[in-house]
Structure formats: structure tokens, C-alpha cells
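Trainee: Protein chains in written order, with my numbering: chain A, 17 to 514; chain C, 17 to 514.
Heads up, the list lumps identical chains together, so a pair's fine if it works in one copy or across two of them.
With a straight-line Cα cutoff of 30 Å, these simulated BS3-like cross-link-like pairs (lysine-lysine) come out:
(1) LYS219 x LYS143
(2) LYS26 x LYS172
(3) LYS24 x LYS219
(4) LYS317 x LYS143
(5) LYS362 x LYS376
(6) LYS301 x LYS513
(7) LYS134 x LYS513
(8) LYS410 x LYS143
(9) LYS143 x LYS513
(10) LYS109 x LYS362
(11) LYS410 x LYS248
(12) LYS248 x LYS362
(13) LYS25 x LYS289
(14) LYS301 x LYS317
(15) LYS410 x LYS219
(16) LYS219 x LYS248
(17) LYS26 x LYS179
(18) LYS204 x LYS143
(19) LYS362 x LYS219
(20) LYS109 x LYS317
(21) LYS143 x LYS109
(22) LYS451 x LYS289
(23) LYS376 x LYS109
It is worth saying that the hints were derived from the structure and are not from the lab.
Here is what each chain is made of, one letter per residue.
Number of protein chains: 2
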Amino acid sequence: MLEKVDLKKKISKIEYKGMVDGIRERLGELQRQARDLGIPVLIVFEGWDSAGKGTLINELILSLDPRGFNVYSIGEPNQEEAMRPYFWRFWNKTPQSGRLVILDRSWYTQIVAGRVSKSASAQETEKKFYDSIAFERQLADAGTLIIKFFLHISEKEQRKRLKTLEQDPAAAWRVTEVDWEQHRQYNKYLPVVEEMLQQTDAKSAPWTIVEAHDRRYATLKIIATVVQAIEKQLALVEAAGCPDVAVVGNSLSGLASAKIFTSSILAGADLTKTVKDAEYEKVMKLYQTRIRELEHIIYQKRVPVVIAFEGWDAAGKGGAIRRLTEHMDPRGYTVIPTSAPTDEEKAHHYLWRFWRNVPKAGHIAIFDRSWYGRVLVERVEGFCLESDWRRAYKEINEMEAQWVNFGTVLVKCWLHIDKEEQKRRFEERMANPGKQWKITGEDWRNREQWELYEAAVDEMFFRTSTSYAPWTLVEANSKEFARVKVIQSVIEAIEEKI
Amino acid sequence: MLEKVDLKKKISKIEYKGMVDGIRERLGELQRQARDLGIPVLIVFEGWDSAGKGTLINELILSLDPRGFNVYSIGEPNQEEAMRPYFWRFWNKTPQSGRLVILDRSWYTQIVAGRVSKSASAQETEKKFYDSIAFERQLADAGTLIIKFFLHISEKEQRKRLKTLEQDPAAAWRVTEVDWEQHRQYNKYLPVVEEMLQQTDAKSAPWTIVEAHDRRYATLKIIATVVQAIEKQLALVEAAGCPDVAVVGNSLSGLASAKIFTSSILAGADLTKTVKDAEYEKVMKLYQTRIRELEHIIYQKRVPVVIAFEGWDAAGKGGAIRRLTEHMDPRGYTVIPTSAPTDEEKAHHYLWRFWRNVPKAGHIAIFDRSWYGRVLVERVEGFCLESDWRRAYKEINEMEAQWVNFGTVLVKCWLHIDKEEQKRRFEERMANPGKQWKITGEDWRNREQWELYEAAVDEMFFRTSTSYAPWTLVEANSKEFARVKVIQSVIEAIEEKI
Numbered sequence: 017m018l019e020k021v022d023l024k025k026k027i028s029k030i031e032y033k034g035m036v037d038g039i040r041e042r043l044g045e046l047q048r049q050a051r052d053l054g055i056p057v058l059i060v061f062e063g064w065d066s067a068g069k070g071t072l073i074n075e076l077i078l079s080l081d082p083r084g085f086n087v088y089s090i091g092e093p094n095q096e097e098a099m100r101p102y103f104w105r106f107w108n109k110t111p112q113s114g115r116l117v118i119l120d121r122s123w124y125t126q127i128v129a130g131r132v133s134k135s136a137s138a139q140e141t142e143k144k145f146y147d148s149i150a151f152e153r154q155l156a157d158a159g160t161l162i163i164k165f166f167l168h169i170s171e172k173e174q175r176k177r178l179k180t181l182e183q184d185p186a187a188a189w190r191v192t193e194v195d196w197e198q199h200r201q202y203n204k205y206l207p208v209v210e211e212m213l214q215q216t217d218a219k220s221a222p223w224t225i226v227e228a229h230d231r232r233y234a235t236l237k238i239i240a241t242v243v244q245a246i247e248k249q250l251a252l253v254e255a256a257g258c259p260d261v262a263v264v265g266n267s268l269s270g271l272a273s274a275k276i277f278t279s280s281i282l283a284g285a286d287l288t289k290t291v292k293d294a295e296y297e298k299v300m301k302l303y304q305t306r307i308r309e310l311e312h313i314i315y316q317k318r319v320p321v322v323i324a325f326e327g328w329d330a331a332g333k334g335g336a337i338r339r340l341t342e343h344m345d346p347r348g349y350t351v352i353p354t355s356a357p358t359d360e361e362k363a364h365h366y367l368w369r370f371w372r373n374v375p376k377a378g379h380i381a382i383f384d385r386s387w388y389g390r391v392l393v394e395r396v397e398g399f400c401l402e403s404d405w406r407r408a409y410k411e412i413n414e415m416e417a418q419w420v421n422f423g424t425v426l427v428k429c430w431l432h433i434d435k436e437e438q439k440r441r442f443e444e445r446m447a448n449p450g451k452q453w454k455i456t457g458e459d460w461r462n463r464e465q466w467e468l469y470e471a472a473v474d475e476m477f478f479r480t481s482t483s484y485a486p487w488t489l490v491e492a493n494s495k496e497f498a499r500v501k502v503i504q505s506v507i508e509a510i511e512e513k514i
Numbered sequence: 017m018l019e020k021v022d023l024k025k026k027i028s029k030i031e032y033k034g035m036v037d038g039i040r041e042r043l044g045e046l047q048r049q050a051r052d053l054g055i056p057v058l059i060v061f062e063g064w065d066s067a068g069k070g071t072l073i074n075e076l077i078l079s080l081d082p083r084g085f086n087v088y089s090i091g092e093p094n095q096e097e098a099m100r101p102y103f104w105r106f107w108n109k110t111p112q113s114g115r116l117v118i119l120d121r122s123w124y125t126q127i128v129a130g131r132v133s134k135s136a137s138a139q140e141t142e143k144k145f146y147d148s149i150a151f152e153r154q155l156a157d158a159g160t161l162i163i164k165f166f167l168h169i170s171e172k173e174q175r176k177r178l179k180t181l182e183q184d185p186a187a188a189w190r191v192t193e194v195d196w197e198q199h200r201q202y203n204k205y206l207p208v209v210e211e212m213l214q215q216t217d218a219k220s221a222p223w224t225i226v227e228a229h230d231r232r233y234a235t236l237k238i239i240a241t242v243v244q245a246i247e248k249q250l251a252l253v254e255a256a257g258c259p260d261v262a263v264v265g266n267s268l269s270g271l272a273s274a275k276i277f278t279s280s281i282l283a284g285a286d287l288t289k290t291v292k293d294a295e296y297e298k299v300m301k302l303y304q305t306r307i308r309e310l311e312h313i314i315y316q317k318r319v320p321v322v323i324a325f326e327g328w329d330a331a332g333k334g335g336a337i338r339r340l341t342e343h344m345d346p347r348g349y350t351v352i353p354t355s356a357p358t359d360e361e362k363a364h365h366y367l368w369r370f371w372r373n374v375p376k377a378g379h380i381a382i383f384d385r386s387w388y389g390r391v392l393v394e395r396v397e398g399f400c401l402e403s404d405w406r407r408a409y410k411e412i413n414e415m416e417a418q419w420v421n422f423g424t425v426l427v428k429c430w431l432h433i434d435k436e437e438q439k440r441r442f443e444e445r446m447a448n449p450g451k452q453w454k455i456t457g458e459d460w461r462n463r464e465q466w467e468l469y470e471a472a473v474d475e476m477f478f479r480t481s482t483s484y485a486p487w488t489l490v491e492a493n494s495k496e497f498a499r500v501k502v503i504q505s506v507i508e509a510i511e512e513k514i
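With the rest of the complex left out, here is chain A (with noise of 0.2 Å):
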């Protein structure tokens, strides 16, 4: 998913001016406030090469004092340190109560590394994985408050920013032939580091993504990220209950969780993506028989094939999974709407009545909607509690897992149009007898909470969208094009596994 973020945020000069100074401010007051509640934080800095960690760590620090922080710079383990567990290192340099660590790269750097180069396997890299949501969970549980960012910058920005180097003498010396070869790399990188910000986004030490093309627009989110991070820690050492310590000051953390810090995949989507007719015609008649074919060999084969339809309204699921399904067997298939919650269903876990439409091995089950509306629509409109809608990410993410592991094809397609085209579609119905039926009071009242489901699409991106069962974005302004593109995701994820 890292690749789709859009990367084009920036903040201009004068908007910088005007909120520079007071974030600084509210920084420092906070640092003291950690300081006399006896908070101990951890700032972590990951991110690829020449992303800026060095000249965005100082950014941050000028706000603070400086009795009050460690800065520590992780390199490859001196000998002291390679004769002991991987983490003695980190655990020598956790901070103390009252008192901030910032690390230039971290115990996350070796782990990426040393599966990028095979030295280690996958298995071994998952425990590392592993041992470090060990470890990040036993010093937040113990009130470390913990927050980690990955810096990310896109392929073709690293190489100006080397080539700019390079061409300046006073710099020139920075860029080495392993700057060049881990640049080379990027794109062997690029799996790894998902697969770490997937797998250790953890409630306690959450990963936050920042877009660092810009780097006042960076400076900005990791400020705010970090005042908004320690604000709330701050109100929960007063919820449990130190009534001597009142935590002063105006809040900042509107503007931390302002849209324009919020990563998005969605807002980089290319809708103005077409087909030509001809080629629509062309490419789904030869795409039909090749699906009816594939459905008779992952019978043979028994293969289950899960496919996971979501995306706004009238987005175009339907004639989406009419067009899949035209040529194939229907003996083979199944589309299972998903509605309201039977009273039996409500009687049991969001998840059993998904579970017991698992497909058997060989057929193929077609959800229209699916478990994605505990993070979506029970989310946006309140139909369960905050705890029930961020615990379903890791519930869906083993559930997935253990369907992946056991042979299912998964596939998992966002329909996604804009704001103007819905508007256009609805009207349209509106406007079509034969239509109406599919446009109630409820699609207008959905559409006024769009900015609030379009952060709820972009979580739900960013955490269930793994390694094992990633999320296809379909992008479908043109109903061909998106038709084409579904059926060809399929196809592809068959193909893969057969």
C-alpha cells in the first residue's frame, strides 16, 4: 500500500510561519509536564535512505530542552552488543521515567535489512517481528509512551536526492556505492517495510506514516504527531488519577489530526482511468472464458477463492460482479449479499455469519459487502463502540490469515469513484423509473458523512491491507474500466496461486 500514499502533501511557507512557533511552544510546555508526571517517551525514526531523518530529528528537538532528551544513532551492533540478545541494546537505552529518547533508526533497521538480503528467513524475521511488539508492549504497559515514524519518500525522489548530493562538492562524500545499491533496492525494500509496518502497528506503539517530500510539511506532522501523542498520554496518567498535576495549556491536537496529516491512499487514485469501447468488448469477452476456465481447474484443484466486494455507493458493485460471474458456472459459485444482521446472527460474533460462508474448498464465494462493515459502516454510524470497530482489525487480519494459510485465494476490491460522480450516479437513478428502487433517503444521508467514511476507507487500507491479503483499489469513475480491472484481479490472484 506504502507506494499508493499520496505523497504530495505540502505545506507553503506562509502557512508554515503561522503555525511553527506555536506547536514549538506547546511542545516545550509539554515536555515539562512529561517531566514532572515522570512520563518516559520514546520517539522512534524509521524511513528509507535520504528521507531526512537527521534534519527532521533536529527540527524536533529545537523545541525541546535539551537536559531533558538523549538523542542515539543505531548502527550495526559493536562486538559488546553482538555477543548479547538482539535487544539488550535497546533495553540499555530505554528512557527513564521523566525523560524523552529519539532514535535515529532503531531495532526495526537490522530486522529489514537482514530479510531483504535472505540472511534471515521469513520465519525468523516474524519472531523478530514478534520480539519487538514484546517489546514495545511491556514498556508502554509499563507507561513508556512510545511513538514510531517511518519516513517515506518515493523511488524516483531518493535518486534526485542523491544525484542532487552528488553534485555538490561540499556533499558529494555522503553518497556511497551502499547509498546506491539500497536505492537499487527500493523496490525489494518496499515489501519488507510494509510487511513490518503491518505486522507491528500495535495499539500501544503505533506506526505513523510521513509523507517527506516536503520537509515543512513534515516537520509539521511529526511535531504535531508527537505534542498530539503526548497530550493524550498526559490525560490518561491524570484519568488514573494524579490530582496534584494539572496539564496546562491550549490543546494543539485539532491540528494533529487535521485531514491534511492523515495519510491517504484513496486521495492518490487516478479516476480519470478509462477504456476504450472496442477494447472493453475485446478484453472482457476473452477475460470471461478465461474465469469459467479457471473456475473448472481450482475445482479440480480445490482451491477456495474468497472475493470481497466493498466501495461507496453506487460505486457499480453489482454490474461489477454480474459482468464476473456472466460466463461462469453457477454450480461453482456463490454471491452472499450482506445486509442488517439476522436476530440469530446478533446473537453471535460479527464474524460467525462470515465464517459459516466460508467457501468449500474447490467453489468460490462472492461477497457483496462483507466483514469490512464493522470498520466502515458500524463504524461511521455508530451501530458498535470505538473498542469493538479498532479491535476488528486484528480480528479480520486472523481471520484472513487463517483462510490464506489454509489455500484460499483471496481478493479483496475497493470500488472507488469521487464525490461528483456518486452525485451524478444518484441523480441518474433518481431521474430512471426503472431505477429508483436503488436509491433511498439513507444513500443521501451516507453521503453527507463521505469525508468520515473516507478516513474510515483509509484506516481500513492501511491496516488490513497485508502481505497475505492486500486490498485492490479499483478505480471506478468508469464503470468499464473498474468492471475490467475486478475481473482481472481475480484472474491474476487464480493464476498466482494455481
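Model the placement of chain C on the given structure of chain A, informed by the hints.
Mentor: Then chain C, alone, in the frame of chain A:
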């Protein structure tokens, strides 16, 4: 640890009659209350063949309203089931709100059998255990009460039961070659069963080991455990706010937590063990020479060694450490006494000071008292919150796993004496001017908490005696026997590694 559980527990007919009616009635009441509050309850029976699962399930359901529960017997998956992911059939059997489901065997049976027959690798097995935890946690998080029993009998008892059945003409058909085959594999099952109990003993779904030699004892322990668990869940639901429903009736929790129903390893220790003087001298000399050799070997091979000593006051830790190190090269080992934490240590995570003292590869660290203080003295004396020491079992297991994965040899000795022996030693110390300093008012005070410590030690054994870092219970009423066993355990652990 399972083989050390005290299996001699029994309850007389008269005692049984005095208790069983009251507790059955209480269970009936609780079933109705759980139904009214919509609480789903899932009860799992696992255990050795011939341990009496069927009989004991019958004893349990005698107290229940048959309209409110289902019993399912779990065998090999049928064809429909085999064609779906493993947990599909168990999801289908999850209880709906207000109902009880009782499972005769569960997801664990096949996982354990797969490991014993080597058809599943250690890694696959670990994954399945993880899936089990996830399944149970998902249900528990949504309000299902999960109770898991492991019915434990010894190998000898199992043989006796099989023979008795064979000799009964009416029951002989029930004993098949498969039963005998499994009986012969008792010792192959043992470590896998222990691993299962260890790895899947989660807070949301803990295991209860039922000593199943005596049917009356097992019946009462099972019913009492269910009663206590439902009472606890009702209290939780009430606290979360269901003001309309009052949980009425007299609590019998006292019964379930009664000492007789607590599984004990300490109680099974044979403290009469001793060693003859001549033998002691000879063996000790031999072992001390060997340990010095091993010290050099591990230095050359760069193997780190951690030895942790815990035990009752006056159990002889100091003497055992002295005999262990008497002929060792002092450059190769350090003895680290653990006392009350310093201010700096208090400002960090409680594990920090132990991580700091992790030995370098090739060196030996001997801890005189250790990180287990958290679940012993800190628990009993209330130096930390209950949530802190409860969390510590997992934290300690994670830390030890990291050390062992790094290649560390880890030996953990509990020096065990009985209360009378301690008194004798205390008095001896008081009488001896050269030893008076060793004994303080605190020692006498701790002694008054003997039962609380005993419970803490037994729980520590159950929760932290892992396959990778087992406890050694050292019978120490005879100092000589204890010293020999300690040094022997260290030698064996190192030899196994090199």
C-alpha cells in the same frame, strides 16, 4: 511440569455428599442468570484418554437445564469440514447469547496429535496454537466466557484403567489397539501437551488442570470452577452496567478457590531425598571439576549462561551458589545479588536491571534472587498492582524466550524446604552468633505469609516453566542433596547445549 503435579488429591464420600448438592444448585441458578444476561459460555474438555471426560461431562450437565446447552463431541473432521479452514467447524459451534456449549475434545486434540505424529512441524504447531489463542480471544472480547479443562492422570493410572476395562466383559470392546498405542506414547504426548497448556493459557481463556484420579474430587473441582467463572463474568457484566438484573444467591467462590482445588507442584515434592556423606564428597568433587571444564568450553564456544536462584528464606541459596562456583574461574562468572531496586532502577521498567546484567556470550551470570521477585515478593507483599504481576508471567516468558533463542543456557532453580525445616534453620541461626546477622524480623514476618508464597510459587511454576526454560525444583531439606542437584542441573543444561 505436568508430571510433577500432585495427583494424590481426593475427597471422601462424606465430604462429597456434604458439598455436591449445594454446588449443583448454585450452578443451576447461575445458568439461568447467564441466560437472562445473554452471556454465551463455552466449556472445553481436553485430557488424556481414559481420564474420564465423558463421565465428568455427565456429572457437569446433571446440574444444568437441558434446554440451555449443547454438548458436541469432536472427532476427526468429516469431509465437509476438511474442505474448509480449520476453525470453520468450531466457529459453527460457538454458543449464541445466553447458551452453554460443552465440547468433548476441541481444536487442541488434532493439533497435539499432529505434532506427536510429526505430521506437523514445530512451526506449524506454534501457528495453530496462535490461531487457537486468536479464536478464543475474539470470542472472549465479544463477551463469551471460555472455560478450558485438562483432565490429568498419570501413565500408570491410564494403564490401570485400560486393564480394568479390558477385564470387564461388558466394556472390553471399548479398549482398542489405538488406545494402547496412545498409552505407549504417553511420554511422547507429555511435552506437547505441556507446550499446549503453556502457550494457550491466555487471560481470556485460562486452562484449569483437573487431577482426575479421584472422580469425586474431579467432579467437584470442575463444577466449582464453572461456578466461579460464571460468577466472575456476571459480576463483570453487572459492573459494565446492567442495572435491571441483580446477581443473586450465595457465592461459592470460596469453594472453588479453596486450597484443595489448586493444582500444586510444591505439594508433590519429596523432601525426604538425601545423599550419603561419602557419596556427597565424591560426587561434589567430580562435578566441581566438570563445571570448571565446562566454563572453559562455553567461553571458547561463546555460549552465554544464566543461572537464576529462587527459594524460601534459609533454603540454602548462598551455600548452593558457593559450592557451584568454588572451583570455577572467577573471570568467567559473576554473581548478581538482587535486592530492593535503586532509585535509577525504579525509574525504569522492572526488567531493565536484569537486561542490563545479561551476560556476554561465553560468560556466566548467576542471579541470587531474580526477575521472579515480581511474581513472588512483590505480589505477596503488594509492592506492585495485581495487574502488574499478572502481566509479568508473559513478560518474563518473552524475555527468557529471547535469551534462549539467542543461544543462552538458562537454568532456574527453586530451592524448596518445608515450613518446619525453615523454623529449625531460623532457630539455629538465632542461636549461632556468627549467623545471627542472617536473620531479621522480616524473615519471621515472611514466614507468616507461607501459604500466600506457596500459592505464588505454584502459579509461577505453572506459568513460567516453559519448554525452553523449565524450572528445576530442588528438594532442599538436605543441604547436601540440594547442592548436588543444583550443580548437576547446571552441568546437564550446559552439556545439552554444547
